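K.L.:
Residue numbers (the numbering used here), protein chains in the order written: chain A, 1 to 360; chain B, 1 to 360; chain C, 1 to 360; chain D, 1 to 360.
Source of the hints: derived by calculation from the structure; they are not laboratory data. Keep in mind that a hint or two might mislead.
Which copy? The list can't say, so a pair holds if one copy fits it or any two copies do.
[What the hints assert, rightly or not] Computed cross-link-like contacts, DSS-like style, restricted to lysine-lysine with a CA-CA straight-line distance of at most 25 Å: (1) K154 - K321; (2) K66 - K272; (3) K321 - K39; (4) K311 - K187; (5) K99 - K154; (6) K75 - K275; (7) K195 - K151; (8) K170 - K318; (9) K277 - K66; (10) K269 - K321; (11) K151 - K75; (12) K272 - K202; (13) K60 - K272; (14) K66 - K175; (15) K99 - K275; (16) K272 - K195; (17) K169 - K318; (18) K269 - K315; (19) K202 - K311; (20) K60 - K311; (21) K275 - K315; (22) K275 - K66.
Quantities reported herein were computed from a predicted structural model and do not represent experimental measurements.
Number of protein chains: 4
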Amino acid sequence: MSFNTFGKIFRFTTWGESHGPAIGCVVDGCPPNISLSEKDIQIDMNRRRPGKSKFTSQRKEADNVKILSGVFEGKTTGTPISMIIYNQDSKSRDYESIKDKFRPGHADYTYFLKYGIRDYRGGGRQSARETASRVAAGAIARIVLEKLIGKKFKVTGAVTQLGILGCNKKNWNQKEIRKNPFFCPDKNSVKLWEKYLLALRKAGSSCGAIIELRAAGIPVGLGAPIYSKLDSDIASALMSINAVKGVNIGAGMNAAFLSGETNSDEIRKISKNTKFKSNNAGGILGGISSGQDIIASFAVKPTSSILNMRKTINKKGKNTKISVKGRHDPCVGIRAVPIGEAMMCCVLLDHYLMNRSQCG
Amino acid sequence: MSFNTFGKIFRFTTWGESHGPAIGCVVDGCPPNISLSEKDIQIDMNRRRPGKSKFTSQRKEADNVKILSGVFEGKTTGTPISMIIYNQDSKSRDYESIKDKFRPGHADYTYFLKYGIRDYRGGGRQSARETASRVAAGAIARIVLEKLIGKKFKVTGAVTQLGILGCNKKNWNQKEIRKNPFFCPDKNSVKLWEKYLLALRKAGSSCGAIIELRAAGIPVGLGAPIYSKLDSDIASALMSINAVKGVNIGAGMNAAFLSGETNSDEIRKISKNTKFKSNNAGGILGGISSGQDIIASFAVKPTSSILNMRKTINKKGKNTKISVKGRHDPCVGIRAVPIGEAMMCCVLLDHYLMNRSQCG
Amino acid sequence: MSFNTFGKIFRFTTWGESHGPAIGCVVDGCPPNISLSEKDIQIDMNRRRPGKSKFTSQRKEADNVKILSGVFEGKTTGTPISMIIYNQDSKSRDYESIKDKFRPGHADYTYFLKYGIRDYRGGGRQSARETASRVAAGAIARIVLEKLIGKKFKVTGAVTQLGILGCNKKNWNQKEIRKNPFFCPDKNSVKLWEKYLLALRKAGSSCGAIIELRAAGIPVGLGAPIYSKLDSDIASALMSINAVKGVNIGAGMNAAFLSGETNSDEIRKISKNTKFKSNNAGGILGGISSGQDIIASFAVKPTSSILNMRKTINKKGKNTKISVKGRHDPCVGIRAVPIGEAMMCCVLLDHYLMNRSQCG
Amino acid sequence: MSFNTFGKIFRFTTWGESHGPAIGCVVDGCPPNISLSEKDIQIDMNRRRPGKSKFTSQRKEADNVKILSGVFEGKTTGTPISMIIYNQDSKSRDYESIKDKFRPGHADYTYFLKYGIRDYRGGGRQSARETASRVAAGAIARIVLEKLIGKKFKVTGAVTQLGILGCNKKNWNQKEIRKNPFFCPDKNSVKLWEKYLLALRKAGSSCGAIIELRAAGIPVGLGAPIYSKLDSDIASALMSINAVKGVNIGAGMNAAFLSGETNSDEIRKISKNTKFKSNNAGGILGGISSGQDIIASFAVKPTSSILNMRKTINKKGKNTKISVKGRHDPCVGIRAVPIGEAMMCCVLLDHYLMNRSQCG
């Protein structure tokens, strides 16, 4: 069982509610003797935290990570790394007006029916605030992989579709991603996206997004058939992120439309290096990494906490209406980029260690 | 770890290679006192087995399941149910010509690089033959759920896209699915699909498919946050099926294109029953079932074992070409229907039992 | 894998080092809607904490538990319960003199060789301080079981052997256990034990102990064959406690000396109640609880951190001698009583929930 | 969960009942490219199988292992190894007379109450017949460890106590163990044990035993704190064997009686080799192997299926008496030797692979 724990060898357990005193994460199975500091982890934390632009939630959270264990004199010791992030700006009063109603498309309905108890403060445990803990775990996984594999290892995410607006992936520019508030890889799309999102917010509405993840430098052989396939674990990891409804590996759903010739990536040996002529497989064959870049993408549905009035029921089962005020992201998909990267890093490290045990 | 084991409480372990003496499955965690016979399981087995029409592999396999343990006087005892399926028509000679080459888009490349050993007979363990074991496990899960939930419980799968040809989902007809060799729910599409597939086969090519799964009668509350979400486990289960490259829950990847208003399924109380005005969520909110039908779909890539010549390398790392003769399915996606249903049934039973332990 | 996580459905993860800022515990899988407060947990914490008598370590720790998540308005919510205990009296300087030497019989040797790094401050992670976290988890398990089973449920531990001195188990008195500093159930033994332990401490030596655990009110049917047997899980749980070297269920090692007639506990029906004429089985048959009291005992070896000079080697592999000053327990077995109880409660709750999922 | 599966990385799942058509085992996580044949496994199987002497059950079983998967051209492939052992001599009629009664001290009582169904044929799943599958898995683990560690690796078990009769462990002779039907390491004890056991059998009674296991050549560093300690996993493994009631590591329960000086094993460096002056720790410190021999022992209770009349109840809850005829071992402890060895080999390989993943 793994209700709040992710991973098999490199494992992390997250805890905490949106409006409790703190949230946090215990990372277990981290190899010893890896240099690690709070500062290293903070880099990824800052990419996810809210309140940085007008396009994400205005909740102000420094999201400072504090390490409580597992690191001694600047190095990991092989024991669990406990991290804590205190909640600062948690205005519970924002939620008074909706504490007895269910938001359509939101987990508050199913949580209440499952558990028979409701922590209405900001969604409690089902809040996307939980993902801050994942980013902390993912930052550690990234650092460990950089040590084990070397600097060629790199995981990058970007938003490639913002609601109805796509970007041109041929213009993919790694540096551009960090420059705009949308993690958009295509400079030309940024202006339009800005206008679109401001208009949506003004209209009290929201939109979804598609995020693409690319992992470079992955050795061949990661992935354990049949039920710990690398793609199967990536799918599980990404689908566990709040509001995600679809996951693709390589060509993904589009693979259905291709012919066998087009889809299968031809292999060539070019001066001792194995090269593939395309990457429809997304770097994974039979659940095992092929040495190509791992490519995965996932869709995030539009925020369900919107200003526009919607029909719903309340805790007593009466019909009513709801309009959610507050500081919600008009597109939660944007901040899903560092979360997706974090999950990808964790899956890859997990499989790296697993492969070492089996075929080491 | 769970290399060849799937599930948490209701668990199954599969074993066996495409061309070994037999394949099989051990089901653990099945509740006691459920009526079960080989005949019950055979119904699902027959839906998956090859050689039934000219549109699937011509390999002749009766796929008769034999129960070796766990059932006493017609009832499950709570102990492991071991099932064996003998391989009958395994022509290893078919594979002689490709035993030293790698099929582009096929797992034989990554298996060899990971394990340093190659069972070239029909793909060995990575063959889709393994899925027969899953169907046997899924048949048991289905029977147990019918007993626990009642007859309103029903899992149905259908092919909704065959290569470039879709079907009209508005014509979805449950009975039609069992009548045509494509598991197509739309009678009007069958003829065209026939022609298309015969043409593809004649051309030595192959195509992909999209399969949609619908589960009815699922109680509210199944799914355990955060890392055992129902949708997360469904994604993992479906992505573990051979050749699957994408998984959608409800609106899936299309959720990215919807507005918050359109996407969120409004809730109404109509004479004591909770009704949703749409089902973009696919019956899952925050990883927990909402009481609506569970809807999931997945894409299967085109068969990589095709007659048409492709560039590749051999075991020695030399450039070469490959053309795969043999009895391959022109569209492996078709036989993925009962496999997808089986995985869905297993995930649902697993979560049903899990929920009973937590909120029982 | 479960390096720092214990349990299958009711699971806890502990973290923290003896001399870091804090230690803690994340409890996952706790059923919702159970009344729970820090005060409830503190009762068990106080029974374990050091510095209460001259017979245990003089380290002063309030061991105040703070709940950071998982409880809302006084009730569990079904989400992870994170608890933190700040370290207060951690005199790292005590350890300067031995930071490069290994204590014979102590884990500092194996930890260093395994991980290649040494947190010499009070044993770091291998310190018995970790067990405070277990007691916190066990306190929750106890409270949950009292709610689920009712007040007839009771787990009690006692020291029945202190070094070479046994007690008379026929004098077992539940109330007496809480009155003396040794958790001794036999009033008549207390005086002698006092003298013995003071003499040992004065001599710079230490001694071992045997602890017996009794669990009453356990329903029949807990335990899942074959590899999740109740006794198998109890053995694993108790052997995981620092310094434990042996575990008995019921007659335990002595079962070897009994005849079949003497050992097997005869069964009688006395006015609708099933009664056993003895309890050599310790309440467990075939790994499943029989409805009798669960009886388990375990041996704790003498503290290896002693004043008396011992031969050893240092980090550089040179021969040397060691004498450990500091505030160590002359008999760590004494404080193992609440720890043993805690582990027993956790195993029992885990199996209670497991059984509900299977045979619910 | 792991009802019928043992292990974390090297895992095996057993299935089958005493009187069903067959029993078997699926080994998962076995490293690839290890030479393996049925003949190799049969060596250990033959040591456990019944009917070899008048001191064990007269049931005649060849216990021939057949490998169904996971081995190709004489080598493991990294995929699951499925093994089957057909039941031959299963006289169900022996059990007719007791099918409605419960044997005191036997699992048939608890199984029936837990599952509500009874496979009365020879104990069904709770029969010690299941252990044949473990021996098959253990044989593979032993072969893999011999390959990975080298020939210095050796696991040996012996009976050191037969009922009330001990042997002189100072006379421990490795070769002697294989010469007598008791796995007794002390030649001088054999005659007396023979007389004793024949007398017991004649009297319709039974006795218990203590088995000691010694593992040589184990590298330092195996064992993963805190809840996957090597000793914790050994305790769990041994306690899972039918009829085991106690487990000791090194000095075991006797550690309670030792002083700190006597118990802690002093360490010396003698010409570059680390030597310990004693081995009370049984080769494990803080849950991690120290490089010394691993020493564990366990007690097996006397057979509960005895001829002598005992009081009990039947399925309807009526008081009655029982006398069990049939072909039972007068001391099941004897055949527990190869089973104990098998479990030890499995735990050691599991931790060997686990350590490679973490500190590789």
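K.L.:
Run every hint past the structure and note whether it holds.
P.N.:
So, going through the hints one by one against the coordinates:
1. K154 - K321: neither (46 Å within a copy, 33 Å between copies)
2. K66 - K272: For K66 and K272, the Cα distance exceeds 25 Å both inside one copy (46 Å) and across copies (43 Å).
3. K321 - K39: neither (45 Å within a copy, 41 Å between copies)
4. K311 - K187: neither (39 Å within a copy, 37 Å between copies)
5. K99 - K154: neither (43 Å within a copy, 35 Å between copies)
6. K75 - K275: Close neither inside one copy (38 Å) nor across copies (30 Å); limit 25 Å.
7. K195 - K151: Neither way: K195 and K151 sit 37 Å apart in one copy and 52 Å across, limit 25 Å.
8. K170 - K318: neither (51 Å within a copy, 32 Å between copies)
9. K277 - K66: neither (46 Å within a copy, 44 Å between copies)
10. K269 - K321: between (63 Å within a copy, 12 Å between copies)
11. K151 - K75: within (19 Å within a copy, 36 Å between copies)
12. K272 - K202: The answer is neither: 57 Å in one copy and 37 Å across copies each exceed 25 Å.
13. K60 - K272: neither (53 Å within a copy, 42 Å between copies)
14. K66 - K175: This pair counts as neither: shortest intra-copy Cα distance 29 Å, inter-copy 44 Å.
15. K99 - K275: Answer is between; shortest inter-copy Cα gap is 21 Å, intra-copy 57 Å.
16. K272 - K195: Close neither inside one copy (49 Å) nor across copies (44 Å); limit 25 Å.
17. K169 - K318: neither (47 Å within a copy, 33 Å between copies)
18. K269 - K315: between (64 Å within a copy, 11 Å between copies)
19. K202 - K311: within (21 Å within a copy, 54 Å between copies)
20. K60 - K311: neither (30 Å within a copy, 55 Å between copies)
21. K275 - K315: between (58 Å within a copy, 15 Å between copies)
22. K275 - K66: Result: close neither inside a copy nor across copies, 43 Å intra and 42 Å inter.
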